[in-house]
Amino acid sequence: MRSYLPDFDLQVPDSLGEALALLTQELGQYRPFAGGTDLMVLLNAGLLPAARFLDLSRCQELRGIQETSTHLSFGALTTFTEVRDCKAVHQHFPNLVKSARLTGALAIQNRGTLGGNIANASPAADTPPSLLAYGTEVELISLRGTRRVAYEAFHQGYKKMDLAPDELLQRIIIPKPLGRTFHFYRKVGTRQAQAISKICLAACARIENGTVAEFRIGLGSVAPVPARARNAEAVILGKPLEALPIEEAQLALLADISPIDDIRSSAHYRRVVSQKVLGQMLRELSQSSF
Amino acid sequence: MIGAPAIRKEGRAKVLGSTCYTDDMSAEGALHGATVRSQIPRGILKGIHFGEGIPWNEFVIVTAADIPGKNRVASIVHDQPFLVGIGEEITHPEQPVVLLAHGDRQLLVKARKAVRLEVEELPAVLDLQSSLDLTQVIYGTNNLLKEIHIRKGEPDSVWSQAAHVIEGEYRTGAQEQMYLEPNAMLAVTERGDPNAQVTVYGSLQCPYYVHGALKQLFDLPDDQVRVIALEMGGAFGGKEDYPSVIAGHAALLSWKSGKPVKLVYDREEDLVCTTKRHPSRTRIKTAFDTEGKFLALEIDFVLDGGAYATMSPVVLSRGALHSTSVYCCPNVHIHARAAATNTPPSGAFRGFGAPQSLFAMERHMDVCATQMGMDPVELRRKNFLKIGDSTATGQIIQENLDLGGLMDRVLKEIGYHDKQKAFAAHNATDDPIKRGVAFSVFMHGCGFTGSGEATMASVAGVEGLADGSVSVLAASTEMGQGKNTVFSQIVAEALKLPVDMVNTAIVDTKYVPNSGPTVGSRTTMIVGKLLEDAAYGLKQSLIQHGFLKEPYSPEAFKEAVQKAHARLGSIKSYAQFHKQPHIVWDDASYRGDAYPTFSWACYAAEIAVDTVTFEVKVEDFVAAQEVGRVVNPVLAAGQIEGGVAQGIGWGLWEDVVSNQGRMVNNQMTNYIIPTSADLPRIRVIFLENPHPAGPGGAKGIGELPMDGPAPALLNALQNALGPLRLDEVPMTPERLLTRYEEVYGG
Ligand SMILES: Cc1cc2nc3c(=O)[nH]c(=O)nc-3n(C[C@H](O)[C@H](O)[C@H](O)COP(=O)(O)OP(=O)(O)OC[C@H]3O[C@@H](n4cnc5c(N)ncnc54)[C@H](O)[C@@H]3O)c2cc1C
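Residue numbers (the working numbering), protein chains in the order written: chain S, 1 to 290; chain Y, 1 to 746.
Hints are computed from structural coordinates only; laboratory data are not their basis. Take the hints with a grain of salt, since some may be wrong.
Computed, partial: chain Y to chain S, Cβ under 10 angstroms [to be verified]: (1) I86; (2) E88; (3) V657; (4) Q660; (5) T675; (6) S676.
Each computed PhoX-like pair below joins lysine-lysine, with the alpha-carbon atoms no more than 25 angstroms apart [what the hints assert, rightly or not]: (7) Y:K285 <-> Y:K70; (8) Y:K46 <-> Y:K14; (9) Y:K496 <-> Y:K539; (10) Y:K382 <-> Y:K434; (11) S:K98 <-> Y:K14; (12) Y:K70 <-> Y:K293; (13) S:K276 <-> S:K239; (14) Y:K382 <-> S:K276; (15) Y:K572 <-> S:K276.
A few chain Y positions that, by computed beta-carbon distances, are all more than 10 angstroms from chain S [as the list claims (entries may be wrong)]: (16) Y208; (17) L220; (18) P513; (19) T613; (20) E615; (21) E734; (22) E741.
A virtual CB, placed ideally from N, CA and C, is assigned to each residue, including glycine.
Chain Y on its own, in the form it takes in the complex:
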């Protein structure tokens, strides 16, 4: 079953249009909710005024004063209020202040516009540099949401003796996840001690994050809060932390009104207020010896976290841990900071900090190669990590890693050396179209960073049902990535059953254990491994109790489960994540094994840039990766193609334009994601090298494809146009023109 292109479990319903998304749900007597937002980046809320012409007595109105529990969104740091109360500080322009609900949506829109906030404005910090400069102190004592140092060796002892010291600065912009289905929640609540109950149905990645947030908001115990994850139209990290806020809002309206309340964002609202990829600035200083081998690396990595911490501490951590890319360097100092600004909080997005720091490093490698007069291929080859080497945190590479072989495979596939020659000749002619080909090499850590998995100690299980089939019990959600199918394949493989005898249970916190959030390329590898163990457990107990004998046919297994179920009522088997003894991590010093393992990749891009318009066309793209083992080749290729498309969009077009901290291009017309007409054929290659930490040897792949495209594209632009200041993504035609004029004049 592992390795087979099993058909998507929920594919048929999606194709037929019968899938039920949150907005398709109807509840008897449900009201619609709406959110009144702060609209100014910083100030003190002095009052709330309800304007004329609106029948306010018909409305459910919720303010911070109505909150039964704690007015803080449960997260890594409990710093974000659900609603700003009177006398409290507004810290970004999309901050929720008042919630309204009514049965008539038209009236609701009019009412939202009729609420006026009285605010004493304060000077705001709207960009990263002002935050670092402490032009205003807006968060803690130093505006820092998190700071990390990673040290290895002594870089300061090296600079003066190095043959080459090369510095660079690189920037990346915010990026919107642009899931097809905007954020949506339906809340149903019952008041009254001791049986109060808060239930939400919604589009969310992490049911237990929402569960935790609601418990704290309503001050209720575990079993009085229930979260059901419905089918999701995409998420990409965008439904990791913000759903806790929306679920809280819908539940507060429902709590106050006693009716079900549906809170569904339209595209414009979703774009302005929900989390985006953290903008970044990376400064790199590198020392090489005469041969081009790394002597020292100093990296100053800064993220713009927006107004609250949300996921910033862990995004920063992953970014810092990937900032040295796939190279071995004896002396390293990484200084990473996430700084606060008065803008809507940044959050999780596929890649989680790694695309930002990898863009800087993989771009810097080509800059260094040019400055030292070396071939970027050979410069990388000299410095690749290999078995026995240690990373910046001192993690020893245990796998038989052949990054040179991976790189050569990709270069051959795209015809790198021949094309470089041909393009050099072509680019010397007066054809305004200039061509380039280049690549990036990178990795992505699988699962949570450091001790994250051990601390979380996720649980997942399998259940034998009355009809003899097997159900997967996990809180991991399906967002289009194929979790339902892949989990079923893993369990089917462990039990030697056809995949249609295994299905995934509805993700309802009342029934499924906390298998952790559906993030961090951890679902297949980490949760999948738990399911493999749980499946073996189920089989063992069927055997031990005499229901089953090996070897068995699927039919015999089915009968065994039916019998066991009839006899015992319920048969479930769970497995829990345990810290692997050989994996050691120290959070205080940031030393040890940052990830159980990494997926490794090399991506190559061929581009054509029109020097009349500075439009860039991606002509060819090869994406090769070593991912342990491919569980489902069709779904895996889909993940890579989609991720590459998102990476190309981030590299070339996707630009969040803000004014006073507010996104102003909050429509699909003006926030430019690529269409199929903008993308090349993406050629996907998988190399397999099974890893013991994952089911059947599988590692994580979800985020990996987001990391490689941007640096490969900008390196290819350098190949086409010469050494311009290609230091930023998205490298829009407007920016490229400016860079071109810096070198070639206006």
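Chain S with its partners taken away, still in its complex shape:
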């Protein structure tokens, strides 16, 4: 059915070390290939300039979910299905489970990876808002060593990341929320499944003595990158649950977002509906019992 059959070259290194060596030797020549669910779409449509791929599937170091007393750490190759199947994720990061469940449909969830979802750097990706709401860090690796970056600083502009050409995304590390926490996730897609987000909002709040002691909101599809809603957060932080200044936060949100018109939705819809979803989240927060 496909009229375009591009030429391509696929390397399958046996280990992470070998993969990093290839990346370093021929700097900028290889495109990492994880589940391929983003790359194959572009390849099929003839829109992928790259023709050389580095299949990461044998890099065991990039797999697995590890739990410590304070964190969960996800290998970059962790699939959405693995996220959905992991008890500890359900317990600590319900928003992440929801993002995984609402991504594509089962086939995509079996193949698509967290690392690919991040490194594809789409502002419409569905796990980044959850990762932002949970104060995630990412670990990057190259032959030069490893380094950790706060995820909220990782995306630097549209499709620009703090990722050098010799580096791979190795792990995604999320601290377990402490104390009493409130979680909210809502994806507004173009339909109920196999849908790209028009708006996505994730939030996590820690409640202490009836006030909002810690609060992060992650947003998708309303800015060039997955973004924190710092202005809206600031309005709510420290406020008692029974008197959240919801309308003030909705106004403040406008400074956090820069939505556009595109083939999926309009800037107006994205602006209004992200304010409404924020309002819905804050009403749920104010009514939550702690």
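Please arrange chain Y with the ligand on chain S, whose structure you already have, making use of the hints.
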């Protein structure tokens, strides 16, 4: 056999994956074809340049100059060229200009990109209003592809005396058929007088349309052109007229190269260039008396036909003929126009103009009820057509029609009255989810419009084979709707045989007669009736020739056919459509019997709309229809469920986004058809009232389910949210938000 849930004849092969679609065909030494398109909406083609880095000498290159016959696609109007020649006008951005073929698909893609067209651009007309305003004259003298007036009584005498005069304007968008299998053709040709032969195999609904197109393109007689319809992965009207173009292209490449050529579109190309449902605008002016009875109706119905006429004249006709829906009105004026724009031609799509005009009228009825403070149920009941009434064309309703009963059945099934009360109470709370329930009542004319069937005079037949089984000879194609099975059932019923003794012959123009196109809800009713007659003919001649005696067993029939075949060589029986004397139609005045009969329906929808996101969820759907007689209950229910799904998609999500006349959301990711997660359970109810025009009393059902969902959904949205300007489909969340803000503020 009629009425039994016979298993799909081709079902097993499809389930096992052994079905052979066009792209699965292989031909020795075949080349792949590709199409270079205009890319600008309007201009004069000045030159064609073949860029560097491509071994052009290895390529087969076809331009308009290579066409042996006439460079016009045979259709209702012969206005569309197969390829734009140098010095000729480009009239839409996906117009084919150059054809390429090569054995290496990768190289083919590179070559396609390396062809540069030199064009002198002209100002384009990209929307309906600009076309009507004649900002540029791009077609004929007035940009109109077709214009129709239908008049009954004198509406102008009524407006001033009416108790209520209510006006409305309604719009519908383009819609893509989204068959699973994109368009595909394989052409094999032989040159040289006098034995030249052009053969195409493909995914196509109407073999004889393609046959006619190839004859004209190559200037060849009937028997030197052969069209074989292969198994199709869906069509929905999308493979009615465009396959003539693709078949022509594949055949031209094959003709020039002397090799078989396969031309298979990928999804992106199929979406940008093939035909879609006509976008529409309908203005309605209605006059009612104090009771709410219709006094007058004035309808201004306009379709965007795109750059060429294709099926627009007949789509317009069907749309106009359905624009008054199921109501009786003494004074009517319908003014219908299809206007040209510099966009890819619109074409056939399930419903064929009727969904557009019925959306407007069925939406308008609820708007009128609200404005007059009436119940939409009672307003409709007062105006329903009944036996003896006449339609806008003066057609007298001959059947014992009980639309009120049909409507009541549906309202009861969905719990309309209880839900309306419960939702009114619920919607007054601060729950952001608002709920609504509403319905539409409508009909769909069976078979071709007006004198179409009589003019076409289709032929279908049956053949007794050497093994004693019976084969169905018809050019009607199987596109997933179940034609193979239903035809076999009809013939089996007529001959009193088990259904597995009857099969359908391969649809090859060399062997099967022209039973007409597989369109217009005509296959079961019209062609099925011919087959019933042909089957009786076969039986009669077996009896007359002494091979068979009544009553007989299937085994005796089989032996009779075997013997007859052994003795006579071939036994075939044909039947031809003849104009029924009591059916009168005048094309010039648009008066008379527009259709032999109609299928009648009432659909009800329950929806929930989230006022946080303006997403609409369809919670329940009841689809009840009177279809004469159900030939196969499983296939019939499948037709209704699929059509309702398509109607829901059109009503809520499916939006063709264009830029400079080109579709820009030409991927399944961004052109939003519903998934199973977006659809409710669709409850299908059939009422039977056998009609003499169809086999065993069956009427057409294929298009009917496309007509009702959109107005029912938007009426339900009105029930949930109040009288917003719900005047357009698809009513996407983005549009609904805007409408909501108009009434309730930002
Ligand atoms: C039908 C369909 C539905 C979809 N639905 C959704 C949806 O609902 N929500 C959503 O968010 N996405 C969706 N997607 C997009 C896609 O599935 C996700 O973004 C997925 O997470 C990508 O992961 P992958 O492993 O397949 O990435 P790949 O395609 O393999 O790679 C994506 C990008 O990340 C880079 N990359 C991958 N791994 C690494 C690494 N370890 N280090 C550095 N770079 C790396 C690659 O080089 C590439 O640029 C959908 C895709 C399809 C085809």
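Evaluated hints:
{"no.": "1", "hint": "I86", "in the structure": "26 angstroms, violated"}
{"no.": "2", "hint": "E88", "in the structure": "27 angstroms, violated"}
{"no.": "3", "hint": "V657", "in the structure": "5 angstroms, holds"}
{"no.": "4", "hint": "Q660", "in the structure": "14 angstroms, violated"}
{"no.": "5", "hint": "T675", "in the structure": "5 angstroms, holds"}
{"no.": "6", "hint": "S676", "in the structure": "8 angstroms, holds"}
{"no.": "7", "hint": "Y:K285 <-> Y:K70", "in the structure": "45 angstroms, violated"}
{"no.": "8", "hint": "Y:K46 <-> Y:K14", "in the structure": "48 angstroms, violated"}
{"no.": "9", "hint": "Y:K496 <-> Y:K539", "in the structure": "10 angstroms, holds"}
{"no.": "10", "hint": "Y:K382 <-> Y:K434", "in the structure": "30 angstroms, violated"}
{"no.": "11", "hint": "S:K98 <-> Y:K14", "in the structure": "36 angstroms, violated"}
{"no.": "12", "hint": "Y:K70 <-> Y:K293", "in the structure": "54 angstroms, violated"}
{"no.": "13", "hint": "S:K276 <-> S:K239", "in the structure": "20 angstroms, holds"}
{"no.": "14", "hint": "Y:K382 <-> S:K276", "in the structure": "43 angstroms, violated"}
{"no.": "15", "hint": "Y:K572 <-> S:K276", "in the structure": "70 angstroms, violated"}
{"no.": "16", "hint": "Y208", "in the structure": "27 angstroms, holds"}
{"no.": "17", "hint": "L220", "in the structure": "29 angstroms, holds"}
{"no.": "18", "hint": "P513", "in the structure": "33 angstroms, holds"}
{"no.": "19", "hint": "T613", "in the structure": "5 angstroms, violated"}
{"no.": "20", "hint": "E615", "in the structure": "7 angstroms, violated"}
{"no.": "21", "hint": "E734", "in the structure": "4 angstroms, violated"}
{"no.": "22", "hint": "E741", "in the structure": "8 angstroms, violated"}
In the structure shown, a violation is registered for the earlier hints numbered 1, 2, 4, 7, 8, 10, 11, 12, 14, 15, 19, 20, 21, 22, in ascending order.
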